[in-house]
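Novice: Keeping their order, the protein sequence lines are chains X and R. Counting with this note's numbering, you get residues 126 to 344 for the letters of the first sequence. Counting with this note's numbering, you get residues 7 to 196 for the letters of the second sequence.
Don't read these hints as lab results, they were simulated from the structure. Quantities reported herein were computed from a predicted structural model and do not represent experimental measurements. Take the hints with a grain of salt, since some may be wrong.
In silico contact screen, one side only, chain R against chain X (beta carbon under 10 Å); selected entries [what the hints assert, rightly or not]:
#, residue
1, 7
2, 32
3, 96
4, 134
5, 138
Note that the Cβ used here is the ideal one computed from N, Cα and C, for glycine as well.
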Amino acid sequence: MNGVHDMGGMHGFGKVEPEPDEPVFHAPWEGRVLAMNRAMGYLGLWSIDISRFSRETLPPHVYLASSYYRKWTLGLENLCLQFGLVGEDELAAGRALHPAKPVKRTLTPADVPKTLSRGSFERPPPAPAKFKPGDRVRTRNINPPGHTRLPRYARGHAGAIEHIRGCHVFPDAVAAGKGEDPQWLYTVVFDARELWGEFADPALKVSIEAWEPYLEAIP
Amino acid sequence: MQLRVRALETILTEKGYVDPKALDVIIDAYESKIGPHIGARVVAKAWADPDFKRRLIADAAAAVGELGLTARSTHLIAVENTRRLHNMVVCTLCSCYPWDVLGLPPVWYKSAPYRSRAVIDPRGVLADFGVILPADTEIRVWDSTAETRYLVVPMRPAGTDGWGEEKLASLVTRDSMIGTGLALAAGDAP
Numbered sequence: 126m127n128g129v130h131d132m133g134g135m136h137g138f139g140k141v142e143p144e145p146d147e148p149v150f151h152a153p154w155e156g157r158v159l160a161m162n163r164a165m166g167y168l169g170l171w172s173i174d175i176s177r178f179s180r181e182t183l184p185p186h187v188y189l190a191s192s193y194y195r196k197w198t199l200g201l202e203n204l205c206l207q208f209g210l211v212g213e214d215e216l217a218a219g220r221a222l223h224p225a226k227p228v229k230r231t232l233t234p235a236d237v238p239k240t241l242s243r244g245s246f247e248r249p250p251p252a253p254a255k256f257k258p259g260d261r262v263r264t265r266n267i268n269p270p271g272h273t274r275l276p277r278y279a280r281g282h283a284g285a286i287e288h289i290r291g292c293h294v295f296p297d298a299v300a301a302g303k304g305e306d307p308q309w310l311y312t313v314v315f316d317a318r319e320l321w322g323e324f325a326d327p328a329l330k331v332s333i334e335a336w337e338p339y340l341e342a343i344p
Numbered sequence: 007m008q009l010r011v012r013a014l015e016t017i018l019t020e021k022g023y024v025d026p027k028a029l030d031v032i033i034d035a036y037e038s039k040i041g042p043h044i045g046a047r048v049v050a051k052a053w054a055d056p057d058f059k060r061r062l063i064a065d066a067a068a069a070v071g072e073l074g075l076t077a078r079s080t081h082l083i084a085v086e087n088t089r090r091l092h093n094m095v096v097c098t099l100c101s102c103y104p105w106d107v108l109g110l111p112p113v114w115y116k117s118a119p120y121r122s123r124a125v126i127d128p129r130g131v132l133a134d135f136g137v138i139l140p141a142d143t144e145i146r147v148w149d150s151t152a153e154t155r156y157l158v159v160p161m162r163p164a165g166t167d168g169w170g171e172e173k174l175a176s177l178v179t180r181d182s183m184i185g186t187g188l189a190l191a192a193g194d195a196p
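With the rest of the complex left out, here is chain X (with noise of 0.2 Å):
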């Protein structure tokens, strides 16, 4: 979708600013959070893409206005609605009021090193790749208005492959509730004079991660 998450290339929001000596955590809260997404994710009722999806899809200004774990709990919350794991009710009463969905697993303190590591994407091809490092492509001028990892500001250009990562689960299918139909992922890199303009850096690359329907042949 294009949601004000796709960020890259705006202007307008300011210098970064690091923090010195910046804790872990800023509030006990915050880390709560993260563990209750972790904890709920491994349910396997929702993969990662559903779980972006649930905060890309916050309204704009609530997005914008959030910090990062208030968007993990804002969009934790609507997973749960959306699942049926929790009502409406439920939330604004602050504790359980009716019976619990039945679920095919939970994670236990003892399970937790394993989920630590990151599960694989990678999945067997389904069909050979059809580029390979060298090769001109062309990103498609895509704007589909459920989950894309496509950013707008690297539709419709010009660039190459330089590697190939194997194929993956393809998070517009995933998240559309399409299956995990694996496609191959490359990346692509851009000239940043493509991308941004003849005034752009001439000394500046930008790649990107492309699954191959994103991508097509430059004759």
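Assemble the complex: chain X is given as a structure, and chain R must be docked to it using the hints.
Specialist: Positioned in the frame of chain X, the structure of chain R alone reads:
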């Protein structure tokens, strides 16, 4: 937010979806076990051992796996900074970051100013960090749009010949492994 989050945890716990003790273990892992000291160890080893560096650049997940860390670094890619090329990592769409080797990302990494500007004005972003690169140093920005994760191997500071890995690791800052900073100078070792 504290009350709202506590309410959510209460509901999820009462319904049996969440075990608060499991949450404690996750929080403890990120507060005390998984952090940039891991990445610093990887970089120091790459500086000290050219064979390891070759393996790291060729297949970072496998090379980091050799170190026997608790968390597996699935889909990790290491990119090396040189005099001619400076690498910098961003996630313009959300906040993708190599948690396994750097821990949780700092607030600025997840902020709109960084996510918006890193891909269009990385030299300006570097200036916000007090880093000025030679104009002819090429900058390469990696936008982490997939499940691949990037670790920058910063340039080894001058005057560190013969240093052991532990002392080298003390020069490797978190920001130098994101590409918004450089490694500390030999004289600035803590």
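Novice: Hint by hint, note whether the structure agrees.
Specialist: Right, here's what the structure says about each hint:
1. A hinted interface residue such as residue 7 of chain R counts as satisfied when its beta carbon comes closer than 10 Å to some beta carbon of chain X; here the least separation is about 5 Å, so the hint holds.
2. Checking residue 32 of chain R against chain X: minimum C-beta separation of about 4 Å stays under 10 Å; hint holds.
3. Because the beta carbon of residue 96 of chain R sits about 8 Å from the nearest beta carbon in chain X, less than 10 Å, this interface hint is met.
4. Hint status for residue 134 of chain R: holds, given a least beta-carbon distance of 4 Å to chain X, under 10 Å.
5. With 10 Å as the threshold, the beta carbon of residue 138 of chain R stays out of range of chain X, its nearest partner Cβ sitting at about 14 Å, so the hint is violated.
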